[in-house]
Amino acid sequence: MPTPRDAKRDQQVGRPTRPRREKWTSPAAVGVAYTAAQGVWSVTSAFLHVPQAGMQTGVVVIAVAGIGHSVQTWLDERRKRKEEGDD
Amino acid sequence: LKIDSTVEPLVREAFAGAVNKNGKRLEDAIAAIAGRGDDATTKALALALAVDNVALTLIHSGQRPPDAQLEYLAQRLAADAADWAPDVVTREKARSFLGSLVDPAPTALPWGEVAMLAFGTGGWLLAAFLPDDKDWTDFLDEIEDALESVEES
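Each protein sequence line maps, in turn, to chains A and B.
First residue of the first sequence? That's 356 in our numbering, and the numbers climb one at a time after it.
First residue of the second sequence? That's 140 in our numbering, and the numbers climb one at a time after it.
Derived by calculation from the structure, the hints in this document are not laboratory data.
As the structure is a computational prediction, the values presented were derived from the model and not from experiment.
Where is the CB? At the ideal position from N, CA and C, for every residue including glycine.
Possibly wrong hints are sitting among the right ones.
Each computed DMTMM-like pair below joins lysine to aspartate or glutamate, with the alpha-carbon atoms no more than 20 Å apart [unchecked claim]:
no.	chain 1	residue 1	chain 2	residue 2
1	A	Lys435	B	Asp222
2	A	Lys435	B	Glu252
3	B	Lys163	A	Glu432
4	B	Lys163	A	Glu439
5	B	Lys163	A	Glu438
Chain B stretches covered by chain A per the calculated footprint, using a threshold of three residues with CB under 8 Å from any CB of chain A [as the list claims (entries may be wrong)]:
no.	stretch
6	170-176
7	179-190
8	193-200
9	237-247
10	257-271
Could you build the full structure based on these sequences and the hints that come with them?
Following this line, the structure appears as structure tokens:
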């Protein structure tokens, strides 16, 4: 089984966006990735509570109502808890 | 999957926060996503979860990781997250999250926790299994291209 290692993090600030390419060019893994990609909708559907019928070939067509505000509120409350913990 | 070009850089920045073990950068990136509203947040989380799922599968050569491997990964992920989100990415939550990635089932987690786990786990998966000559952004690019190729084919 694969084992993780401490990644090279100091240089890894990340590109701001990905380069546009004609198509994917890693043939050794493309079959595996393609198969995996076909199955992701059941994952996103389950986590986001969006019926798969609400997706069209993976494009989420139903925005989850209130999710942005909910995430923001959770972040604010977490920040408060951390600050209170620091006091 | 058509990846929204306005959301993708925000997703990449959130992954970068986890890759760099920078909890504030991760939080700020998630807050920036949430600040864009429900549509952008839904798209960003859907993309992050898709990347997580494909990365986990690719790392294990297309096979579902056995439960013992998921336990091991959760332990290592939680140890990594001790630097950037120890209150959210615990061993138990990491195990539950990884399990839901491979055996999809509805979760009852708050959206904020889903976001932290999705971006945090994704950043770790993208960076922790690379050969020396690869950057985590290369891996992310490959996965995103694969996701888009599903629609194109």
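* Asked: Do three or more residues from the stretch 237-247 of chain B put their C-beta atoms closer than 8 Å to C-beta atoms of chain A?
  -> holds (count 6)
* Whether chain A covers the stretch 179-190 of chain B (at least 3 residues having a Cβ closer than 8 Å to its Cβ atoms) -> holds (count 8)
* Taking 20 Å as the top limit, are the C-alpha atoms of lysine 435/A and glutamate 252/B close enough? -> holds (15 Å)
* Is it true that the CA of lysine 163/B sits at most 20 Å from the CA of glutamate 438/A? -> OK: lysine 163/B and glutamate 438/A at ~13 Å, within 20 Å.
* **Given coverage of the stretch 193-200 of chain B by chain A, checked by CB-CB distance under 8 Å (3 or more)** => holds (count 6)
* To do: Would you mind confirming whether the straight-line C-alpha gap from lysine 435/A to aspartate 222/B stays at or under 20 Å?
  => holds (19 Å)
* Asked: Quick check: the stretch 170-176 of chain B, covered by chain A? Criterion 3+ residues, Cβ under 8 Å.
  -> Holds: 6 residues of the stretch 170-176 of chain B have a Cβ under 8 Å from chain A.
* Asked: Given the proposed pairing of lysine 163/B with glutamate 432/A, does the C-alpha separation stay at or below 20 Å?
  -> holds (15 Å)
* Within the assertion that chain A covers the stretch 257-271 of chain B, do at least three residues meet a Cβ-to-Cβ distance smaller than 8 Å? -> As far as the stretch 257-271 of chain B goes, the hint holds, because 6 residues have Cβ atoms under 8 Å from chain A.
* **Hint consistency between lysine 163/B and glutamate 439/A [alpha-carbon to alpha-carbon, up to 20 Å]** => holds (17 Å)
In summary, the structure agrees with every hint in the numbered list given earlier.
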